[in-house]
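> Put chain B on the given structure of chain A with help from the hints.
For the record, the sequence lines run as chains A and B. All residue numbers in the first sequence are consecutive under my numbering, ending with 362. All residue numbers in the second sequence are consecutive under my numbering, ending with 184.
Note that these hints are calculated values from the structure, not bench results. Treat each hint with caution, since some may be false.
[Unchecked claim] Distance ranges between label pairs, derived from CB positions:
id: 1; chain 1: B; residue 1: Tyr76; chain 2: A; residue 2: Asp130; range: 37 to 45 angstroms
id: 2; chain 1: B; residue 1: Pro36; chain 2: A; residue 2: Met323; range: 30 to 38 angstroms
id: 3; chain 1: B; residue 1: Phe44; chain 2: A; residue 2: Met320; range: 30 to 38 angstroms
id: 4; chain 1: A; residue 1: Ile317; chain 2: B; residue 2: Arg175; range: 44 to 52 angstroms
id: 5; chain 1: B; residue 1: Arg124; chain 2: A; residue 2: Asp130; range: 24 to 32 angstroms
id: 6; chain 1: A; residue 1: Arg356; chain 2: B; residue 2: Phe44; range: 27 to 35 angstroms
id: 7; chain 1: B; residue 1: Pro36; chain 2: A; residue 2: Ala143; range: 38 to 46 angstroms
id: 8; chain 1: A; residue 1: Val297; chain 2: B; residue 2: Gly38; range: 36 to 44 angstroms
id: 9; chain 1: B; residue 1: Ile45; chain 2: A; residue 2: Arg356; range: 32 to 40 angstroms
id: 10; chain 1: B; residue 1: Arg124; chain 2: A; residue 2: Arg164; range: 46 to 54 angstroms
id: 11; chain 1: A; residue 1: Ile317; chain 2: B; residue 2: Gly38; range: 29 to 37 angstroms
id: 12; chain 1: B; residue 1: Ile45; chain 2: A; residue 2: Asp130; range: 25 to 33 angstroms
id: 13; chain 1: B; residue 1: Asp83; chain 2: A; residue 2: Ile212; range: 48 to 56 angstroms
id: 14; chain 1: A; residue 1: Pro252; chain 2: B; residue 2: Lys116; range: 21 to 29 angstroms
Computed from a prediction, not measured in an experiment: that's the story for all the values here. The beta carbon of each residue, even a glycine, is placed where N, CA and C say it ideally should be.
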Amino acid sequence: MDKRLLQAGASPETLGLLRIVVCGVWLLKVGADPIGQFRFFPTEIFNPPGPLLLIPDSLWSILLSGTGLAALKAALILVLTLCALGVRGFRVWMILASVLLTYHQGLVRGFGFINHQELGALFCVWALVVFPSVDGLAIHRRQDARKDDAYGVALLTITFLMLVPYCAIAAFRLAFAAPEVFVGESMTWWLASLSGLDPDGWNWGREVVAYPLGRLAFKLGFVVVTVMELVSPLCLIWRWLRPIWLMIMMPFHVSCLFFMNIFFWENVILLPFLFFDFPALYRKWRKRD
Amino acid sequence: MPRGVQVFAFIMTLALVLGHLTSEDEKTFPFVTWWMYGHVMYGHPPKHDLVGHTAHGKEVELVATRLFPSLSGKRLTSRLQKQIGRLFIRERPEIRRQHELLVGALVDVYNARHEDPIVSVTVKRQEFLLKPYYDYAPEVRDLWTLEFPE
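Just chain A, same shape as in the assembly (with noise of 0.2 angstroms):
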């Protein structure tokens, strides 16, 4: 693999510890979802989506019961576990991993909207099942590392995958609403609205709108942030690209939350583990020591 590529000559340790960091993600988020909650609506509401479609209806009143609903709650948990572990078996428990998680993400848009917040959280999981990932950093792991730069193409590959959907909203934002969405009062309308909408949550985008000078400052960094969700992809190839990426669009995402109640907490946890190879730098650290 070419050395100017991200995450080239990466080890098993640098696979390994994405394996862990990616199931703790979605065990924290399935932990910590009361999905059982669902029992409580009308089934009419739910519009399953995408393969939840194959589901025959007749199944549905036992899978949205309370019990159906904690038996999933508790699968996922315990499969994510073993999945984190490494254990014995390690590709069919990540392959029940994606299917639970697939069908689980289903549920929470059926009975909401669909957006796409944890989908790249989800793919990264689809990917865990197709790459030697058990092969660091697990219980039951090879002995022999791969040769081929196996764990560089499968990082490679995962963070393709984290980084088209950045560049796809940027490509969909430039064809279809440009120049207009980023002159225009748009970004205003957005930081009025999805502050509003939570009346828990944070309400700074509201208030900053009030200033020309905040108005201003947001419209600029759209344009900025529109930029690098664009060139994301390139950051696979410039090393240099990278921290300055990860510069712009961590702030990005933090000020999300705060100014917009959006948290794609999921990628800011994630993009480091995907950019930098953290074993590496620890063993470095280890040898100067």
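Positioned in the frame of chain A, the structure of chain B alone reads:
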């Protein structure tokens, strides 16, 4: 690169691109259109609130994120806001029915936790005025009231 990895990368890329282009999220999930901040917004952004009236005559806020304090909670809020926004523009029986069922579910959860049950819910609308005010409009409109007899 192993053949399996190549096939996986190709299928995923193709699915991501096709899902993005088809704009049929309900059918293509989890390959969806990535449209965030991709539409020009006009007018004044509205804020819709659900105010419950209890059997003892109290007024309470009915907030989906409080009743469902989960990571999925905001999706319910967004769905409610969309339903109200659409019904505000034009009456659509199918959306009305779904809206009543969703509000009814929120009322059921509220009533299961409180001794003084909600018997009706009024949907209120307040606009945030953009240029040149940048503040909420003083008037709050009552859009409709849904009854939930005990």
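> So, for every hint listed, does it hold in this structure?
Results of checking the hints against the structure:
Separated by about 40 angstroms at the C-beta atoms, B/Tyr76 and A/Asp130 satisfy the suggested range of 37 to 45 angstroms. With their beta carbons about 33 angstroms apart, B/Pro36 and A/Met323 fall inside the hinted range of 30 to 38 angstroms. A hinted range of 30 to 38 angstroms for the beta carbons of B/Phe44 and A/Met320 is consistent with their spacing of about 32 angstroms. Restraint check, A/Ile317 to B/Arg175: a C-beta distance of roughly 47 angstroms satisfies the suggested window 44 to 52 angstroms.
Between B/Arg124 and A/Asp130 the C-beta distance comes to about 29 angstroms, which sits within the given range of 24 to 32 angstroms. For the pair A/Arg356 and B/Phe44, the supplied restraint of 27 to 35 angstroms holds, since their beta-carbon distance comes to about 34 angstroms. Between B/Pro36 and A/Ala143 the beta carbon distance is about 39 angstroms. The supplied range of 38 to 46 angstroms therefore holds. At about 39 angstroms, the CB distance of A/Val297 to B/Gly38 agrees with the hint of 36 to 44 angstroms.
A beta carbon spacing of about 35 angstroms between B/Ile45 and A/Arg356 agrees with the range 32 to 40 angstroms that was offered as a hint. Range check, B/Arg124 to A/Arg164: about 51 angstroms between beta-carbon atoms, so the 46 to 54 angstroms window is met. In this structure, A/Ile317 and B/Gly38 meet the distance hint of 29 to 37 angstroms, their C-beta atoms being roughly 34 angstroms apart. Roughly 29 angstroms separates the CB atoms of B/Ile45 and A/Asp130, a value that falls within the hinted 25 to 33 angstroms.
Taken as a hint, the range 48 to 56 angstroms holds for the pair B/Asp83 and A/Ile212, whose Cβ atoms sit roughly 51 angstroms apart. At roughly 27 angstroms, the beta carbons of A/Pro252 and B/Lys116 sit within the given window of 21 to 29 angstroms.
When each numbered hint is compared with the structure, no violation occurs for any of them.
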